[in-house]
Amino acid sequence: MALLEVKGLTVGYGARAVLKELSLTLEPGEMLGVIGPNGCGKSTLIKTISVLLKPAAGSIKVEGLELARMKPEARARLLGVVPQNPALPETFTAAEVVMFGRTPYLGLFQNESPNDWAIVERAMRDTDCWEMAETYIGEMSGGERQRVLLAMALAQEPRLLLLDEPTTFLDINYQIETMEVVKSWKTAGEPDKPRAILAVFHELNLAAQYCDRLALMSQGRVLVIGKPGEVITTENILRAYGAHVIVMPHPQNQLPTTFIMPNS
Amino acid sequence: MSIETKEETESTSLNSKGAARRSVSAWLIGSPLNRSRKRRAGLITAGLIVVLVVLVVCTTFGAVTVPVGDTFSIIWNHTLGQLFWAINATYPKGFETVIWDIRVPRVLLAAVVGGSLATAGATYQGLFRNPLADPYLVGVAQGAAVGAILALVLPLGKFLYGIGAVQWFAFITAGFTVAIVYGLARVGGRLPTTTLLLAGVAIGTLASAITSLLMYLNGDKLIVVYSWLQGGFNLSSWEKFFTILPFSLFSGTIIYVFGRRLNVLQMGEEHAGQLGLNVERLKLVLVASATLMTAAAVSVSGIIGFVGLVAPHLVRLLFGHDYRLLLPLSTIFGAAFMVFADTVARNISSTEVPVGIITAFFGAPFFIYLLRRKKRMVF
Numbered sequence: 001m002a003l004l005e006v007k008g009l010t011v012g013y014g015a016r017a018v019l020k021e022l023s024l025t026l027e028p029g030e031m032l033g034v035i036g037p038n039g040c041g042k043s044t045l046i047k048t049i050s051v052l053l054k055p056a057a058g059s060i061k062v063e064g065l066e067l068a069r070m071k072p073e074a075r076a077r078l079l080g081v082v083p084q085n086p087a088l089p090e091t092f093t094a095a096e097v098v099m100f101g102r103t104p105y106l107g108l109f110q111n112e113s114p115n116d117w118a119i120v121e122r123a124m125r126d127t128d129c130w131e132m133a134e135t136y137i138g139e140m141s142g143g144e145r146q147r148v149l150l151a152m153a154l155a156q157e158p159r160l161l162l163l164d165e166p167t168t169f170l171d172i173n174y175q176i177e178t179m180e181v182v183k184s185w186k187t188a189g190e191p192d193k194p195r196a197i198l199a200v201f202h203e204l205n206l207a208a209q210y211c212d213r214l215a216l217m218s219q220g221r222v223l224v225i226g227k228p229g230e231v232i233t234t235e236n237i238l239r240a241y242g243a244h245v246i247v248m249p250h251p252q253n254q255l256p257t258t259f260i261m262p263n264s
Numbered sequence: 001m002s003i004e005t006k007e008e009t010e011s012t013s014l015n016s017k018g019a020a021r022r023s024v025s026a027w028l029i030g031s032p033l034n035r036s037r038k039r040r041a042g043l044i045t046a047g048l049i050v051v052l053v054v055l056v057v058c059t060t061f062g063a064v065t066v067p068v069g070d071t072f073s074i075i076w077n078h079t080l081g082q083l084f085w086a087i088n089a090t091y092p093k094g095f096e097t098v099i100w101d102i103r104v105p106r107v108l109l110a111a112v113v114g115g116s117l118a119t120a121g122a123t124y125q126g127l128f129r130n131p132l133a134d135p136y137l138v139g140v141a142q143g144a145a146v147g148a149i150l151a152l153v154l155p156l157g158k159f160l161y162g163i164g165a166v167q168w169f170a171f172i173t174a175g176f177t178v179a180i181v182y183g184l185a186r187v188g189g190r191l192p193t194t195t196l197l198l199a200g201v202a203i204g205t206l207a208s209a210i211t212s213l214l215m216y217l218n219g220d221k222l223i224v225v226y227s228w229l230q231g232g233f234n235l236s237s238w239e240k241f242f243t244i245l246p247f248s249l250f251s252g253t254i255i256y257v258f259g260r261r262l263n264v265l266q267m268g269e270e271h272a273g274q275l276g277l278n279v280e281r282l283k284l285v286l287v288a289s290a291t292l293m294t295a296a297a298v299s300v301s302g303i304i305g306f307v308g309l310v311a312p313h314l315v316r317l318l319f320g321h322d323y324r325l326l327l328p329l330s331t332i333f334g335a336a337f338m339v340f341a342d343t344v345a346r347n348i349s350s351t352e353v354p355v356g357i358i359t360a361f362f363g364a365p366f367f368i369y370l371l372r373r374k375k376r377m378v379f
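Note that the protein sequences, when read in sequence, are chains A and B. Once you know that position 207 of the first sequence is 207 in the numbering used here, the rest is easy, because the numbers rise by one and skip nothing. Once you know that position 133 of the second sequence is 133 in the numbering used here, the rest is easy, because the numbers rise by one and skip nothing.
Hints are not guaranteed to be accurate.
With a Cα cut of at most 27 Å, we get these calculated DSS-like pairs of lysine-lysine [what the hints assert, rightly or not]:
| hint | chain 1 | residue 1 | chain 2 | residue 2 |
| --- | --- | --- | --- | --- |
| 1 | A | Lys54 | B | Lys283 |
| 2 | A | Lys47 | B | Lys221 |
| 3 | A | Lys227 | A | Lys47 |
| 4 | B | Lys283 | A | Lys71 |
| 5 | A | Lys61 | A | Lys47 |
| 6 | A | Lys227 | A | Lys71 |
| 7 | A | Lys61 | A | Lys7 |
| 8 | A | Lys20 | A | Lys227 |
| 9 | A | Lys20 | A | Lys47 |
Selected chain B positions facing chain A (Cβ under 10 Å, derived; list incomplete) [said to hold, decoys possible]:
| hint | residue |
| --- | --- |
| 10 | Arg37 |
| 11 | Asn263 |
| 12 | Gln274 |
| 13 | Arg324 |
Okay, the calculated bits of chain A under chain B, using three or more residues with CB under 8 Å as the criterion [as the list claims (entries may be wrong)]:
| hint | region |
| --- | --- |
| 14 | 5-16 |
| 15 | 75-85 |
| 16 | 102-114 |
To be clear, the hints were calculated from the coordinates, so they are not data collected in a lab. For each residue, glycine too, the CB sits at the ideal point set by N, CA and C.
The following block holds chain B by itself, in its conformation from the complex (with noise of 0.2 Å):
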């Protein structure tokens, strides 16, 4: 910065090329840039080994006592055992069943619905810039409420392929009810987050009601509509898993892909727009994408709380506010924290409790304690 003369100007003009010149070859050595991205790889690999483990770890457990190492020789033999060496079979073909049948495809499906809503209430978060933002925000689970019920209530049976007409429904209602939403709440071309979350709210207290109103007129199939509200893994199987997958695939990758421009968002829409983003399609991609997934979860796994509210936090609280970092780790954690508390769900006493009683046990002390701990602003 020069005051005086022009060549003052001129030499200052020069000494900031040999800047850039410099920070090239400090690039290669390690400048905050490269810093940032090798910490990133760092995390994200450290945090699938992570979740692989407590997958590992948390299929051991079960009403049925199987021995560690037999469930670690199904495990092998179901997977890299197919490839490599296979080990003697010397466990019972019932041993098989309880962990390959059961628990294996419950432990995945816990891990994919978790991961999908933590990594959709980050993006809901983000997109809204509030912290108080989750995956239900713009009517997914009132939607899917609806059409789950519809489907119990009504006389279908398992005409529809594979997983059945509950999720169907569910997942079709999700959608559609989102899409309502986002029609009403567009104004002149553009989308309004006040106007979204509006009608989200609006939307989703008539979907409640809908709800409300087939219950009190279908009493006698009130404990299955309840329990499907409460939601769960208790009805788990690779077929729930296989189809989910693919929805949660698709819709994380493309989050994930629009994660710097999520960073960018944060600078606020209208400034955020006139940075070259756009800022309307990156709304529209980011609430579908987000909706998908969430849609996805909830129809093989009914209403669970707290974890897409809470994951996120505990990640930004953890390792900061990088989209880039924030959802794979959100992703990630969702994931553990769903199969862990789902284990505990289905081991703490004789009988179930439903998994949303446990992510609200578990997580709200653990965040208190990180918030308490942490005094950085949560948002």
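Only chain A is shown next, with the shape it has when bound in the complex (with noise of 0.2 Å):
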């Protein structure tokens, strides 16, 4: 079964629809990137995904579950979000609010366990912000930031992890480690319980080098999906974003790398 099922999904009505019929399926142990030009619909799939907007028709299913269906809380077990512009509260440290991922577990009543910090404490240790763990946002750079926030998706426990953007504020080095973390954690889950990521990228490169499949959207539809080197071609970069690139196979693995070509 696939792990998550996007069928028919409409966003929005009519000519001004931001997302038409969509469907696409995610595979277990599958990274699927989504890339796109701005404006094309990739957040506002994502944001129809983690149940943020309503869509007028369709359905999505995790695990053949109709997410629009079930509790906040198991939904939350089953799906973990990193958003792309997220206001983190200054005056918690980042093990409190790393810690928040841990809510769909606790009941009213219950208090955090010690197995909650210990998968809070992998969690940040995965992600290379435990030394900051007492820490208070307020004083951390927006790269720490969304460290934090990955760490709290991740101690979330999903199956699915949705990720808006994830490198955006990363310089070049933990953008290769928060990718190498993800890629990880996606291969780490037991048999029963397989994860997958959808995650949007607005670098290409760092999409094709990552993704097992990679969807290319335009104005709201899938252009093209599939393996990266069927979908980043220099036809279909310049069909979805109106501008011209050279697409070259990486020396050392042979996925597609995007050149930008100046006008002149």
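Since each chain sits alone in its own frame, please combine them into the complex, following the hints.
Structure follows, in structure tokens:
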């Protein structure tokens, strides 16, 4: 069974619909990258899957369960979201914020257990922010906050991770590290509890290097979906973005690599 | 975190499992988790002791001079002395009346009102994530005023049980007003905080207009009405205390239980929802509880400003933003502060000064001092 199944998803109405009968599936253990020009509906897709937007039509199922019909805590145990520009509470420490990820597992009268704490520690070690556990969010840089945010989503122990441009504030070193973290996270799922990732990217080369498949979106539809080599081609990029680029194989792993061409 | 090989990935995950085991043992000794739990328990206990001391000390002050020893004896004999060793009553009967029938209920009532307002204030500030939120934000005070004035103006008398028509009318209209505000603010099954604030302002203004009209039409009762509006504890009684205590305890308990969720809500409503919080239900429960305790407080004491706004901020500046600590400490601080302010109000001159003046007089400079000393963000 597909881990995520999006069928006939339409958001908005008529000609102004942001997503138009979009369908895609995500297999267990897979990372699917969503790329496309600004305003193509990438972020809307993430927001709709994370139930912030109500679709006009279509269904979203995780492990065969309709997301819109689930209780928030049950949904949060399946689905972790790393939004693009979240407002983190500045007066809490990093560890306290990562502990928020345990919310769907804690009942009304329950307090955090040593087990929750161990999960928090592990998530923070994996994302390389354990050293900052007792630092206040207000004293952290954008990149550090991004790592705390990812640690929080990992502490949620979801089956499906939604990432909305997870590397925006990160330097090249942490871009790589972050992608390595999520890559090893998705393969570390137990056999009966497989994991998968749906991530939105601006950076085409990063997407090509780390995603198993890519979905190139344009005007609310999926233009092409497939292996990075099939999706990132000079013609497809021109069709979707209207930009002229050169696509060459990566010298080490042959994955498609995009080079920009100045107009002159 | 590994970059190269699968082997390394495995060893990393082994390592982090090892770390998980280590931290379990560390927890038993003193992990940050355990430390913060101990800190909470310690601070709350200390706060309760402080508030108890404030209560007893403030009972010793008053228009009639009762020796401190006698005051303690009277309080002891009426409380723990009932169970253990009663102290021989060497004090006159009149002292007993002054202390046990007048001062103790007054001090206790002030404590419950102050604690309720501060708790409700902290709740609204957390709910709206707005430092300027106070317990009267969504129309409780204006609604209560309408009810109280109706009761004062209409020829009713003491036909309702116990604490009298003014209190019940104020309580009911306060709840009713917030219910209207809540109903108006709901948009498609959701309660956007901005609409709630705006609806609160609109309905509050309307209620104030009704209050003003009633005052204008009933000029002969102006003094009674005005003194109610100003608020205070000069008409305290055991009855009032026992009537509002259940409301405050009930809503306070509910709010405390939701403390951890209030922390998560500081992530913003959208993100809190993605973390598994039922945000709309949380808002309903918290608005209802905070309103209930505020309405109960206002109905017996009138509209006393500043405590509900300032007490949570002082606690925040001193002890941080964790609502599991912030809420109980706000209750404690609000209670102690209100008792102190009322003691000053009834002793500062030969006639009583409205307690609202005292709360502002002491609260504002203290607040400014803390603000200057700790230049960390207030909210």
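> Which of the listed hints are broken here?
Replying inline: Hints 2, 6, 14 contradicted; others consistent.
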